[in-house]
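Take a look at the letters that make up each chain.
Protein chains: 4
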Amino acid sequence: MKALVYHGAEDIRCEQVDDPQPQDLDSAVVRVTRAGICGSDLHIYHGHGFAPESGYVVGHEAVGEVVEVGSGVRRFAVGDRVLVPASTGCGRCLACDHGHVARCDNGMMRAFGIGPALAGSQSEAVAVPAADCSLRTIPEGIDDKQAILLTDNLPTAWFGARRAGIEPGDTVAVVGLGPVGLCAVGSALVMGASRVFAIDLLEDRRRHAELLGAEGVGGDDTKEIVLERTQGRGVDRVIEAVGGDATIRLALSLARIEGSVSVVGVNQNPHFDFNMALAMVKSLSFHIGLCSVQAELPTLIPLVLSGRIDLGRMVSHRFGLSEGAEAYRLFAAREDNVRKVILDPTR
Amino acid sequence: MKALVYHGAEDIRCEQVDDPQPQDLDSAVVRVTRAGICGSDLHIYHGHGFAPESGYVVGHEAVGEVVEVGSGVRRFAVGDRVLVPASTGCGRCLACDHGHVARCDNGMMRAFGIGPALAGSQSEAVAVPAADCSLRTIPEGIDDKQAILLTDNLPTAWFGARRAGIEPGDTVAVVGLGPVGLCAVGSALVMGASRVFAIDLLEDRRRHAELLGAEGVGGDDTKEIVLERTQGRGVDRVIEAVGGDATIRLALSLARIEGSVSVVGVNQNPHFDFNMALAMVKSLSFHIGLCSVQAELPTLIPLVLSGRIDLGRMVSHRFGLSEGAEAYRLFAAREDNVRKVILDPTR
Amino acid sequence: MKALVYHGAEDIRCEQVDDPQPQDLDSAVVRVTRAGICGSDLHIYHGHGFAPESGYVVGHEAVGEVVEVGSGVRRFAVGDRVLVPASTGCGRCLACDHGHVARCDNGMMRAFGIGPALAGSQSEAVAVPAADCSLRTIPEGIDDKQAILLTDNLPTAWFGARRAGIEPGDTVAVVGLGPVGLCAVGSALVMGASRVFAIDLLEDRRRHAELLGAEGVGGDDTKEIVLERTQGRGVDRVIEAVGGDATIRLALSLARIEGSVSVVGVNQNPHFDFNMALAMVKSLSFHIGLCSVQAELPTLIPLVLSGRIDLGRMVSHRFGLSEGAEAYRLFAAREDNVRKVILDPTR
Amino acid sequence: MKALVYHGAEDIRCEQVDDPQPQDLDSAVVRVTRAGICGSDLHIYHGHGFAPESGYVVGHEAVGEVVEVGSGVRRFAVGDRVLVPASTGCGRCLACDHGHVARCDNGMMRAFGIGPALAGSQSEAVAVPAADCSLRTIPEGIDDKQAILLTDNLPTAWFGARRAGIEPGDTVAVVGLGPVGLCAVGSALVMGASRVFAIDLLEDRRRHAELLGAEGVGGDDTKEIVLERTQGRGVDRVIEAVGGDATIRLALSLARIEGSVSVVGVNQNPHFDFNMALAMVKSLSFHIGLCSVQAELPTLIPLVLSGRIDLGRMVSHRFGLSEGAEAYRLFAAREDNVRKVILDPTR
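Heads up: the protein sequence lines correspond to chains S, L, E and A, in order.
Counted from 1, the first sequence has number 288 at position 285 by the working numbering; the numbering is strictly sequential.
Counted from 1, the second sequence has number 103 at position 100 by the working numbering; the numbering is strictly sequential.
Counted from 1, the third sequence has number 160 at position 157 by the working numbering; the numbering is strictly sequential.
Counted from 1, the fourth sequence has number 338 at position 335 by the working numbering; the numbering is strictly sequential.
Think of the hints as simulated: they come from the structure by calculation, not from any bench.
Hints should not be assumed to be uniformly reliable.
Because identical chains cannot be distinguished in the list, a pair is counted as satisfied if it fits within a single copy or across any two copies.
What the hints assert, rightly or not - Dumping the calculated SDA-like pairs for lysine to any residue here, alpha-carbon to alpha-carbon at most 25 angstroms:
#, residue 1, residue 2
1, Lys148, Gly216
2, Lys226, Asn272
3, Lys5, Gly219
4, Lys226, Asp108
5, Lys148, Asp224
6, Lys226, Ala12
7, Lys226, Gly168
8, Lys5, His320
9, Lys226, Leu308
10, Lys226, Gly310
11, Lys226, Glu170
12, Lys226, Glu13
13, Lys226, Arg77
14, Lys148, Ser325
15, Lys226, His51
16, Lys5, Phe322
17, Lys226, Ser309
18, Lys5, Glu68
19, Lys5, Arg16
20, Lys226, Met111
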């Protein structure tokens, strides 16, 4: 089958690879009908990935149809239309029962397509271990574009907003308006934020956030504008959806006393320069982390189904698998007002 | 001055009464620019009020201007534009500090205009005890109509929704779409409800709820419709905003297993027939109660200011004080697609 | 095998019945080493049970050893020492994944031994449907007596305390000091109650509650004593662990303004006389319901293991199965300072 | 009057200073009967204080008797026995109403004795601004030693434990067993921790924590021991009560995936080296901050009154004001199994 394979910095190619093989009786194989490129895939693309190796199939956002199930799979059958969320766990512990694969009691949290251990889903098909724990049925009424955003971006944004502790009436800032940031804007509004400041250097992205109900802010005086609009106090909650040192520092500067900052952008700096003196005076709460997609879906699916979270504006580009290299290039370059890029392996 | 005085069932008259006298140095006098008629005023109007006496000035929703302050008042000065919320407390205990006047530690919770103890505010002016605890400044950007709804209806609806425990993604039913019910629809949506079923016999009221984002349901098969739309499970949370025995029973029937019912309608039946067997099988939570307006305002004011809670459609009628009897009659009769009725003592 | 069979009011007999047959491949059979008699079994004993039939095996609290598993059972093997909690669900829905069998999405919540549908566990062995969902492993360090209390009484008490909303510093009253009530005392203290008023007519039961850290109160002036010790305010949270109309009414009278009452005693009165006027003035929250044992165990097992919840004093009597009739009689009569009665089918 | 004055590193002297002068009509003067030396006073003592100046009166933990009140003080009268918590606010904003002086809306949060702006309370008397907001009445049943611990150490520990998000059943580690750390052990237990690992190098301090119910851990293999006792997972919640870079790093290493670390020790390092890569993999929540004592007292006072939080073992030494230099020296040197040091200005 065809799949996108990582071969080194800026070198992702569409190639012929072996068909996926289920690892055991609890596994399934899903024929991929749509796959997403995630902002965290760009870390790999730029050669700053999560594994030292190359030569593996990338991608951790997929929607498709079950084409094979092991005899131990109870909840899915051939023909089911499913989400393949970004990661999975052992499938047998209490944490996995609750969908919290990131804290799997058996330490078996695994993400697709971030190294050779588990092949990714930017491919015609993907093998899914612990299928009952991994997969989720896509309900009638949710289309492929919405489903792709439910495999990672929206749950990650929601998780970040939830950990930030957003309560009705709060003022919120979202730093970075890529797909996760835009989802964070929508999440904050559903949680009852009175105002959301949507911060990005790109005007097009700010305009999309404004269509969702946010106030766009950008440029060098971002901090001053946000402080001024909050009577000098800063915002109650900040969601950082970039992962850069500078944007995290901006986020910390925007929070009010006893406010919180929740980082969902990927930052792998082992020596981030953190200002404890400032954090103490501001009594900050600082949340960093990885979402367990399966744990957030029971809340998010009804919100997407009823239209309370509008994902209609998120996807800006669609490519075939064979155009994968170009898709990555364009997304990395932020060209053509790109927001979410989707790959269509059926094309 | 002129004021509306209760003289018995269906007999509320606009009369000349003595000007308000501050009781002590902690009191203020507010010249009323707008007063609301609340659904609970209809209990008094129909002769089922909260005190046996008659001859007192009614009304507990007022907006106006401070015209006199005692020397003990710290936070308000003559000329301030203020809300006069429905009730107040001692003003010196911890509960009052937090705005929770309903559970005043000194047992001094008092509502305006529900008996002779504290004259009401459907009048040209009202004396306000414990003014620092009672009053709230109206921020720039909130108009008189919005302000009137902030004195009781919206905080009551919000309190009910909050106690129902609405969380993002929940399905919600609101039973009764008078002003409090419409505010409850808006509150549930701001709290993240995925769907709100807005239940009333009057089509015009359902239509207003639909404009806010709810799904109108009415008629004899209300229960069946709601169950069908929730896959037979019932809704997560129900807010009852009527106070009738039958509507409370309907509310209880709509809740799912481990769901909750929050009654904000006034029901004074000391022998309500409660089905414990059903409540046990459904593991229900049943909340009944009176809102401390002051405790809800810090959350609600930013939400009204930013437009997240839209009160624009609430007020349907405005009358002068001298037309008070007609205002009550029309509101009680639910004539002319009435929603919220406001009195204008300056007219 | 031998089992206790219900034959009508006050007529429970130890008889020879067929050995348990697993219903399907997801079932297991557990050899019972200890079984508990629950307060709710007394409803059956007195002829006020949950099913009209007789002739079924009773009991829903069991500890034992897995002796047979269907091929669909993943988490348990022959020889495992297990808890058999009071009820189970379909085992395949999201609610069941979270242990919330009482709100099983497929409406398959079933309790053991309360009718002919699912044979009880006061027997030498019991068939357990949906074994992966039903059973829980007993960790090293928890003995049979503790384990029996974990199958129903302690989780029920904890659930009631949790729903009452106990927070650190709260004052709490527990009405009724049978095994569930004593567990509720311990639960309230672990949740941080500053004071627990333990209410029962029997002095011996009050004394046991006092050993746990509560203040015993009994007799006709219970309400007055509790009000006096709370400066006339009433307690923050009340747990009712009897299920009688009078005790529920007492519970309602003890709660402070904006307090809560959580009923875990079984009351099946379809016409409970509920004072809405009082509930409104007091802004009460009233919780009624059935516990999903499996959902509470992840919290409770560590607390029992570390000794924070001390179950050592709970069990007062142990009988063989053949003495079952006498065990029921004594427990129903509250004779001999009885607290928890345990049956030993191995004797 | 006599007071302890800071003159530079390791140079605190008992001197004659001017009697305190109330700043305005909202102020009071309190004659100090006991004052505490706080761990954060040692930052000043070692020359790493919060203000560049010297020559000011130190101390921010005091208990005493009101001897003078301005005409604007409503809640206190001469003769009242009061707590003087560590800091205060404007006394007129919503945050101050709720006791949250640290986030005073008017930015007027001020601590006693950390600079020349507001004279400290290690003196015979102290002037208290915004007295109604600052002071709290000491209820009957709370002695001076308990009261001193309620002015800062216990509320700080409780605040830290609360922000860590301790829930019943959690495993907790407390790093550092000075007075705040010992109070954190007690707080965690009242919040329902199943196990508390109490970490300090000094055996005597660990022994005191063990008397409260914790498991003492110390030495180079602290991390390994805690991991081993938690099946390799780490603890749910960590409270850091030292403020050192190394101890904060230890705290971060002890938390499990999705765990939290709450720092209540004072760390003023503007360049703390924070491992974002680790924090992301562990999905950590990191809380840093200053407690608003007044906001925590309504919960803590009942817990101390009823004995649920036992402060009896905390105070180890008492000195007169004239022995202040020696008191500081001994506390800084951790000599003589010192825990809490109290100064007695009446001696």
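Hints numbered earlier in the text: which of these fail when held up against the supplied structure? Violated hints (numbers, rising): 3, 5, 6, 12, 13, 15; every other hint is consistent with the structure.
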